[in-house]
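Enquirer: Okay, here's what each chain looks like letter by letter:
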Amino acid sequence: MTNDELIWRIAGGSGDGIDSTSQNFAKALMRSGLNVFTHRHYPSRIRGGHTYVEIRAKDEPVKSRGDNYNFLLALGDSFARNPQEEAYYGNEEIKPLTENLDELREGGVIVYDSGLLDASEIENFDERVEENNWHVYDLDLRGLAKEHGREVMRNTAGVGATAALLDMDLQYIEDLMEDAMSGDVLEANLQILEEAYESVNEDYEHTHDLRAPTGTQEEEQVLVSGSHGIAYGSLDEGCRFISGYPMTPWTDVFTIMTQHLPDMGGISEQVEDEIAAASLAIGASHAGAKAMSGSSGGGFALMSEPLGLAEMTETPIVLVESMRAGGSTGMPTKPEQGDLEHVLYTSQGDSNRVVFAPGDAAECYEQTRKAFEIAYEYQIPAIVIYDQKLSGGHQTVPEDVFDEEPNPDIGSVVTEEDLEEAVQEAGRFKRYMYDADGERGGVSPRSLPGQKGGNYLASGNEHNEVGHISEDPDNRVLQMNRRMSKLESIRDELAENADHQTVYGPEDAEYGILSWGSTKGVVEEAVDVLNEQGHSVKAMNVSDMMPFAKDEVTAFLESVDEALVVEMNATAQFRRHVQGQLGRFGEKLYSLLKYDGNPFEPREVVSGFESRIGDDADLSQYNVRIESATGD
Amino acid sequence: MSAFNAIGEEREINRDEFTPEIEPQATWCPGCGDFGVLKALKQAMPEVGRTPEETLLVTGIGCSGKLSSYFKSYGFHSIHGRALPVARAAKMANPDLEVVAAGGDGDGYGIGGNHFMHTARENHDMTYIVFDNEIFGLTKGQTSPTSPKGHKSKTQPHGSAKQPIRPLSLALTSGASYVARTAAVNPNQAKEILTEAMEHDGFAHVDFLTQCPTWNKDAKQYVPYIDVQDSDDYDFDITDRSEASEMMQKAENALYEGEVLTGRFYHDEDRPSYQEEKQATGDMPEEPLAERYFDEDYEWERSYDLLDRHK
Ligand SMILES: Cc1ncc(C[n+]2csc(CCOP(=O)(O)OP(=O)(O)O)c2C)c(N)n1
Ligand code: SF4
Chain A
1 MTNDELIWRI AGGSGDGIDS TSQNFAKALM RSGLNVFTHR HYPSRIRGGH TYVEIRAKDE
61 PVKSRGDNYN FLLALGDSFA RNPQEEAYYG NEEIKPLTEN LDELREGGVI VYDSGLLDAS
121 EIENFDERVE ENNWHVYDLD LRGLAKEHGR EVMRNTAGVG ATAALLDMDL QYIEDLMEDA
181 MSGDVLEANL QILEEAYESV NEDYEHTHDL RAPTGTQEEE QVLVSGSHGI AYGSLDEGCR
241 FISGYPMTPW TDVFTIMTQH LPDMGGISEQ VEDEIAAASL AIGASHAGAK AMSGSSGGGF
301 ALMSEPLGLA EMTETPIVLV ESMRAGGSTG MPTKPEQGDL EHVLYTSQGD SNRVVFAPGD
361 AAECYEQTRK AFEIAYEYQI PAIVIYDQKL SGGHQTVPED VFDEEPNPDI GSVVTEEDLE
421 EAVQEAGRFK RYMYDADGER GGVSPRSLPG QKGGNYLASG NEHNEVGHIS EDPDNRVLQM
481 NRRMSKLESI RDELAENADH QTVYGPEDAE YGILSWGSTK GVVEEAVDVL NEQGHSVKAM
541 NVSDMMPFAK DEVTAFLESV DEALVVEMNA TAQFRRHVQG QLGRFGEKLY SLLKYDGNPF
601 EPREVVSGFE SRIGDDADLS QYNVRIESAT GD
Chain B
1 MSAFNAIGEE REINRDEFTP EIEPQATWCP GCGDFGVLKA LKQAMPEVGR TPEETLLVTG
61 IGCSGKLSSY FKSYGFHSIH GRALPVARAA KMANPDLEVV AAGGDGDGYG IGGNHFMHTA
121 RENHDMTYIV FDNEIFGLTK GQTSPTSPKG HKSKTQPHGS AKQPIRPLSL ALTSGASYVA
181 RTAAVNPNQA KEILTEAMEH DGFAHVDFLT QCPTWNKDAK QYVPYIDVQD SDDYDFDITD
241 RSEASEMMQK AENALYEGEV LTGRFYHDED RPSYQEEKQA TGDMPEEPLA ERYFDEDYEW
301 ERSYDLLDRH K
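If you're matching them up, the sequences are chains A and B in order.
Residue 1 is where the first sequence starts when you use the UniProt record's numbering, and the numbers rise one by one after that.
Residue 1 is where the second sequence starts when you use the UniProt record's numbering, and the numbers rise one by one after that.
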């Protein structure tokens, strides 16, 4: 077995502290100089029910959860034992062990809590262990935790055992515990950690040779989720107003923002529904704040009408759409990329908004900043769309990605001095002034309530230059053209100043893989594997959805014989968008689709590619589907 | 230097300043009660002492929503039912603005009912005028939440089976700190009530009875009305919730029996506004957010300083 990567899975019941334990362990790995990527799998249930977190650590960059895993820490679901709930939960005690075996690699290590789990209850367990050459360590983690502290601390015992079995330095974990706890709790946890570590070393013979890889990363790294990227990007771009209504997984961004806004002199509002949430963002922005809101599928559907209002009144706002599997309420805790068309085209009339789809945590930060900048400069709503996987999954990002100066610039707002000179009509400011020669890129000057000489009416009805409702045909055409022309100006600006599309792999490759959003990393890993296997493949991940990165995608597609479009939905929404925007390439595009609630794994992309170009690859073991653009 | 010099300007204010100099392409029919609201609002502004440019009027959709076309100030003509969430956030971003929201009974008590309840509950410092004509005007005469039981319209051909909503009671139980009802046919009272509502520090709800001669021909034109403050028959303490509540119920029952009771129904001057509450918990800055973007000396905090917890 190779030791170049550790994929550690901690499994147990929801509410058993799996999340916090895994966060700490991931940080310990990062501090030892490794790159880390985490994947959260949890049911839409608060307590009890099987859940796991996977942490993949490597010395090299890690961009996805990887294929399968090699170390299982099975803790037992304490809520499954709740006597009052027995009838409801049934006997799920053993699930943390049984549910995870299918994906454990050959030669993998299993540590299970014999204080809660009984492996003899599992059918064919010993045969499977032998067949797969697994190395099993049964430890009474619960007993150990109870002896020195409380039962819930069995997570700590599990981490101690892990460290011993992988021959890791305990110091990293101890330091983190000291940061997070104090007093008796800290003492008890430290004692449990050490006891577990020592008892494994003393009482067990190590039969496996999996060891934690050694890290050489010297650059300072931080462990953040995509939601942190979005929240921090917003803060640095001067956003000081957020309004929202909880919905998984959007709640991640909402909570992070709310944790910081009051201390940073901002305002966070949890309101009555998503229509209100988007409307508040509009109101705050209209009065002169940088404002955001957001939601997930269903909540974003409610925002459709205010989104149009923002377009029409040219009120800048940023909305975040964190996708989960649909339709309707779908699967709340599972990722999908099924809301792309919803976000691109929802709302009244011809649509006119900016949509960015970042592919990893660093891009979440950069593109959210760009979204604010564009929204306020061009007076247009901007949407950042990402998914549950990127929302909650953590990854190591170089700290200096965030080392960018704050930008409080409020965009194309005029000052009172400007207003003294400004063109007025009938005592009102020409807020929606025509842009006859297109010099201002479709942008009209914007004043804020309270500014002297700037009064106007912002109306969601078609309006003339000072904002009065107008159904005059000539005015209509002029205003429509001005508003619509913004997208072309923004496209030009993005082409010059932003490089949101990433190309990966040999430049002269024969084949291409096209993806968007969070599938970026997994596709890049698949490209490496495919090229190692002798194929000639490169990838492009697209972020600029509207305005669409036409030139870059065209150049990419022209340079390859054929491209596989990889996305997590059932109807190939992104591929349809590409074809619609470019008006060609139908014969070159094939889709690899997955929509079972789990993100792609590299091997699925590899097999998908191989099956498409004629190699003998069996896709039947995966929940993926190939589909051609022209329907051959 | 402030970036918002129109705010707090002390000068003589004339009601004519609130009239746009161009003919608004608005749609009110001759004889519409909405003109009464416009007039009363223009008359109240000089009393309150706020200029057009420090005033933000946010309206919904409907004939009522066109108020912002007829009234010159900073204006926001939003979408059906959503004037309140737009208005309250604008007030939070710049609390120095005078914020007034307005809409119809369908707009405010129907589609926007949820926002009405919550804005009242939070007690935002603003004034909310509901043009109560007991009908949908702009969409041509459908039954509205305040139409009487049995009301017949194209959408309720057999007569409405629903009890009308009780806007005053609803405002009170939701938490509004000022509740009044006035009528377009009573311009003096309307002016006084709107003045009081704007001067009140908290959520002031004014149910404004407006006749719709086009679609609600049968509707009483709200005359003769009785001002509960002027009449010896009604003696109650407007600062006492339960007395106010009882009086509101009387007024709400009476309206459908042809007796129009108007006036102030509830006034709580002690309850802090939402802004004050939020500032007290440390959840809202003392300085208007909107000013900060123009302040060159303001030190913007950055996310980089938050990264320690991620190391
Ligand atoms: C979401 C939405 N639904 C429906 C409409 C159509 N609509 C416009 S005004 C209105 C009713 C207005 O009635 P009311 O609020 O009582 O105002 P009035 O016209 O009587 O002043 C409706 C249903 C709309 N504009 N938006
Ligand atoms: S329809 Fe009724 S409410 Fe609308 S303007 Fe005419 S009279 Fe007024």
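Since the hints were made in silico from the structure, they are not lab data.
Among the hints, erroneous ones may be present.
[Stated by the list, open to error] Taking lysine to any residue pairs in the SDA-like style, the calculated list, with each CA pair at most 20 Å apart, reads:
#: 1; chain 1: B; residue 1: Lys311; chain 2: A; residue 2: Ala180
#: 2; chain 1: B; residue 1: Lys311; chain 2: A; residue 2: Glu219
#: 3; chain 1: B; residue 1: Lys140; chain 2: A; residue 2: Asn461
#: 4; chain 1: B; residue 1: Lys152; chain 2: B; residue 2: Pro213
#: 5; chain 1: A; residue 1: Lys430; chain 2: B; residue 2: Glu17
#: 6; chain 1: B; residue 1: Lys311; chain 2: A; residue 2: Lys430
#: 7; chain 1: A; residue 1: Lys452; chain 2: B; residue 2: Lys39
#: 8; chain 1: B; residue 1: Lys39; chain 2: B; residue 2: Trp28
#: 9; chain 1: A; residue 1: Lys452; chain 2: B; residue 2: Thr19
#: 10; chain 1: A; residue 1: Lys452; chain 2: A; residue 2: Pro473
#: 11; chain 1: B; residue 1: Lys311; chain 2: A; residue 2: Phe585
#: 12; chain 1: A; residue 1: Lys452; chain 2: B; residue 2: Asp16
#: 13; chain 1: B; residue 1: Lys278; chain 2: B; residue 2: Asp268
#: 14; chain 1: B; residue 1: Lys278; chain 2: A; residue 2: Asp263
#: 15; chain 1: A; residue 1: Lys430; chain 2: B; residue 2: Pro46
#: 16; chain 1: B; residue 1: Lys311; chain 2: A; residue 2: Glu404
#: 17; chain 1: B; residue 1: Lys278; chain 2: A; residue 2: Asp179
#: 18; chain 1: B; residue 1: Lys311; chain 2: A; residue 2: Asp400
#: 19; chain 1: A; residue 1: Lys452; chain 2: B; residue 2: Gly282
#: 20; chain 1: A; residue 1: Lys430; chain 2: B; residue 2: Lys152
#: 21; chain 1: B; residue 1: Lys311; chain 2: A; residue 2: Pro61
#: 22; chain 1: B; residue 1: Lys311; chain 2: A; residue 2: Glu178
#: 23; chain 1: B; residue 1: Lys311; chain 2: A; residue 2: Glu425
#: 24; chain 1: B; residue 1: Lys311; chain 2: A; residue 2: Lys452
#: 25; chain 1: A; residue 1: Lys452; chain 2: B; residue 2: Glu291
#: 26; chain 1: A; residue 1: Lys452; chain 2: B; residue 2: Glu10
#: 27; chain 1: A; residue 1: Lys550; chain 2: A; residue 2: Val560
[Said to hold, decoys possible] To give an idea of the chain A side of the interface with chain B (calculated C-beta under 8 Å), a few residues:
#: 28; residue: Leu235
#: 29; residue: Ala617
#: 30; residue: Asp618
[Unchecked claim] To be clear about the criterion: a stretch of chain B counts as covered by chain A if any three or more of its residues have a C-beta under 8 Å from a C-beta of chain A, and this derived list gives those stretches:
#: 31; region: 12 to 24
#: 32; region: 91 to 97
Glycine residues also receive a C-beta, built at the ideal position from the N, C-alpha and C atoms.
Enquirer: Against which earlier hints does the structure fall short, listed by number upward?
Expert: Violated hints (numbers, rising): 6, 7, 10, 11, 15, 17, 19, 20, 23, 24, 29, 30; every other hint is consistent with the structure.
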